[in-house]
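Visitor: Residue strings, one per chain:
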Amino acid sequence: MSSSHHERKPVISVKNLVKSFGGRRILNGVTLDILEGETFVIMGGSGCGKSTFLRHLIGSLRPDSGEVWMFGEDIAKADEDRMHEIRKKFGMLFQSGGLFDSMSVGDNIALPLREHTKLDDSIIRIMVRMKLELVGLSGFEDLMPSQLSGGMKKRVGLARAIALDPKIVFYDEPTAGLDPVMTGVVDKLTIDLTKQLGITSVVVTHDMNSVFRIADRIVMLHKGEVLQIGTPEEIRHAKDPIIQQFINGDPEGPISFLQRGEGYLDKLTA
Amino acid sequence: MITALDSIGRLTHGFLRQAGDMLAMFCQCLFWIVVGPFKRKPVPVKNFFAQTVFSGWDSLLIVIFVDFFIGMVLAMQSAYQLEQLGATIYVAALVGVSMTREIGPVLTALVIAGRVGAAITAELATMKVTEQVEALQTIGLNPVRYLVAPRLLALALMLPVLTVIGDLMGMVGGYVIGVTNLGLGSGLYIDTTIEFLTNKDILTGLLKSFVFALIIAMISCQQGLGTEGGAEGVGRSTTRSVVTSFIMIIVADAILTALFYFAG
Numbered sequence: 001m002s003s004s005h006h007e008r009k010p011v012i013s014v015k016n017l018v019k020s021f022g023g024r025r026i027l028n029g030v031t032l033d034i035l036e037g038e039t040f041v042i043m044g045g046s047g048c049g050k051s052t053f054l055r056h057l058i059g060s061l062r063p064d065s066g067e068v069w070m071f072g073e074d075i076a077k078a079d080e081d082r083m084h085e086i087r088k089k090f091g092m093l094f095q096s097g098g099l100f101d102s103m104s105v106g107d108n109i110a111l112p113l114r115e116h117t118k119l120d121d122s123i124i125r126i127m128v129r130m131k132l133e134l135v136g137l138s139g140f141e142d143l144m145p146s147q148l149s150g151g152m153k154k155r156v157g158l159a160r161a162i163a164l165d166p167k168i169v170f171y172d173e174p175t176a177g178l179d180p181v182m183t184g185v186v187d188k189l190t191i192d193l194t195k196q197l198g199i200t201s202v203v204v205t206h207d208m209n210s211v212f213r214i215a216d217r218i219v220m221l222h223k224g225e226v227l228q229i230g231t232p233e234e235i236r237h238a239k240d241p242i243i244q245q246f247i248n249g250d251p252e253g254p255i256s257f258l259q260r261g262e263g264y265l266d267k268l269t270a
Numbered sequence: 001m002i003t004a005l006d007s008i009g010r011l012t013h014g015f016l017r018q019a020g021d022m023l024a025m026f027c028q029c030l031f032w033i034v035v036g037p038f039k040r041k042p043v044p045v046k047n048f049f050a051q052t053v054f055s056g057w058d059s060l061l062i063v064i065f066v067d068f069f070i071g072m073v074l075a076m077q078s079a080y081q082l083e084q085l086g087a088t089i090y091v092a093a094l095v096g097v098s099m100t101r102e103i104g105p106v107l108t109a110l111v112i113a114g115r116v117g118a119a120i121t122a123e124l125a126t127m128k129v130t131e132q133v134e135a136l137q138t139i140g141l142n143p144v145r146y147l148v149a150p151r152l153l154a155l156a157l158m159l160p161v162l163t164v165i166g167d168l169m170g171m172v173g174g175y176v177i178g179v180t181n182l183g184l185g186s187g188l189y190i191d192t193t194i195e196f197l198t199n200k201d202i203l204t205g206l207l208k209s210f211v212f213a214l215i216i217a218m219i220s221c222q223q224g225l226g227t228e229g230g231a232e233g234v235g236r237s238t239t240r241s242v243v244t245s246f247i248m249i250i251v252a253d254a255i256l257t258a259l260f261y262f263a264g
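In order, the protein sequence lines correspond to chains A and B.
The numbering used here applies: residue 1 is where the first sequence begins, and numbers increase by one.
The numbering used here applies: residue 1 is where the second sequence begins, and numbers increase by one.
The hints are simulated quantities; they were obtained by calculation from the structure and are not laboratory data.
For lysine-lysine, the following DSS-like pairs were computed, each having C-alpha atoms within a straight-line distance of at most 27 Å:
hint, chain 1, residue 1, chain 2, residue 2
1, A, Lys89, B, Lys41
2, A, Lys89, A, Lys9
3, A, Lys88, B, Lys41
4, A, Lys195, A, Lys89
5, A, Lys77, A, Lys15
6, A, Lys9, A, Lys188
7, A, Lys167, A, Lys77
8, A, Lys118, B, Lys41
9, A, Lys188, A, Lys88
10, A, Lys167, B, Lys39
11, A, Lys195, A, Lys167
12, A, Lys77, B, Lys41
13, B, Lys39, A, Lys89
14, A, Lys88, A, Lys9
15, A, Lys15, A, Lys239
16, A, Lys88, A, Lys195
17, A, Lys118, A, Lys167
18, A, Lys118, B, Lys39
19, B, Lys39, A, Lys88
20, A, Lys9, A, Lys167
21, A, Lys9, A, Lys195
22, B, Lys41, A, Lys167
23, A, Lys77, A, Lys88
24, A, Lys167, A, Lys188
25, A, Lys15, A, Lys167
26, A, Lys77, B, Lys39
27, A, Lys167, A, Lys88
28, A, Lys118, A, Lys89
29, A, Lys267, A, Lys223
30, A, Lys9, A, Lys77
31, A, Lys223, A, Lys77
32, B, Lys46, A, Lys118
33, A, Lys88, B, Lys46
Sequences are here, hints too, so could you generate the full structure?
Guide: If you want it as structure tokens, here you go:
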């Protein structure tokens, strides 16, 4: 895989992205490229800024400074009308599925088609069935989201994300809260969609099993900065102690959660 | 002293900011209602009808119930006073005028703020905390156009309609007491009501209820979409939405009544 990376063009180019909330700097100058047709994984601990970063890529947050180039346009500066056009070219799978619970599964998937195309309803129905088939849920179009399990909701969310045949699909923690088999199913779907449909996948996750199963390249974010970008092999053998601690799930190390020593007692009794 | 001033300042600041946000959302709604159809992005008709049924038709029974009994109570309370003056017949006039000018619009608005406003906030708040609002945006659907505008339109249309029905039911309640308990003739009661009611009474009442509808819609939508923090946040927003709506309805009622009174 890695030899072909140099020939591919970047579909997303982020330059020096900075964002603060209430005086706290969440993203501190992130610069990276995401290449066409790859599965790009963004990983990092809780609070490292990976969700905030993803929300800049889909245009729901605006940076304090920096650029987000997508399809040859800086979406950090695009107005609402332009953003509306750009949004047709990517899909997003939300952590909890983000399904509209007042609508049936079929209507959820049909909504982007009804909004952005002038297709006849009979054709939209066929397309909805096709998308459901792709995620292995044929015949579920008349169920309501409340009748589905967590894994099914995510797969319906994925079917809706690819309804408009997007060039890029963003995944926000696609395997969080799923059992190991369902995690495998969602991972396989991610891989299949990327390879078969030529979609670029951008996945935010901290599930290490998934990361090494699906990733072509990985970025490790830490405290709002890029620690390292590399292939799964490069990340696995990274020298950086923070990365090693993260992929091994070691409670002891440079990422500190536990308070020890004299200072600890002083803090408690202060 | 300083802390008291500080908290007053904070409250005022918070209030002004929220009022500003609400005004901005209201302007966006107007934009989508007026300009939307020309950009081939109209307010979705299906959502509008669903909201009309929910806020109008489904509220009909409780509005009839509340206004009917308030009309009866009003007749009994005023008869208690007017009997001493030997002017029982003016019960009809009093019930008719106070229902249309004041009690009908305000009471109906309070009922709708509790029933419909709370439901709107809870629904939008749940959509917000379960990422549904963000999902709408990602699909390219503007939440103000898709969620807020249909609710605003439905309430602005249905609250005046419900108020007219409520006014009538209040007068029917007064009529029932007048004819059965106070010994007033049926024809006399109706004639007196009509004689004392002017178009202005009815119109000012309807204008009030239209303003109340805008208040309920904007407060409940803004509180809903501004929700943060899971189930607890949904509860907090819903409470705040109903309380704020109640207060703003009463404040707006006082201002409008003063305007109509002093402007003649």
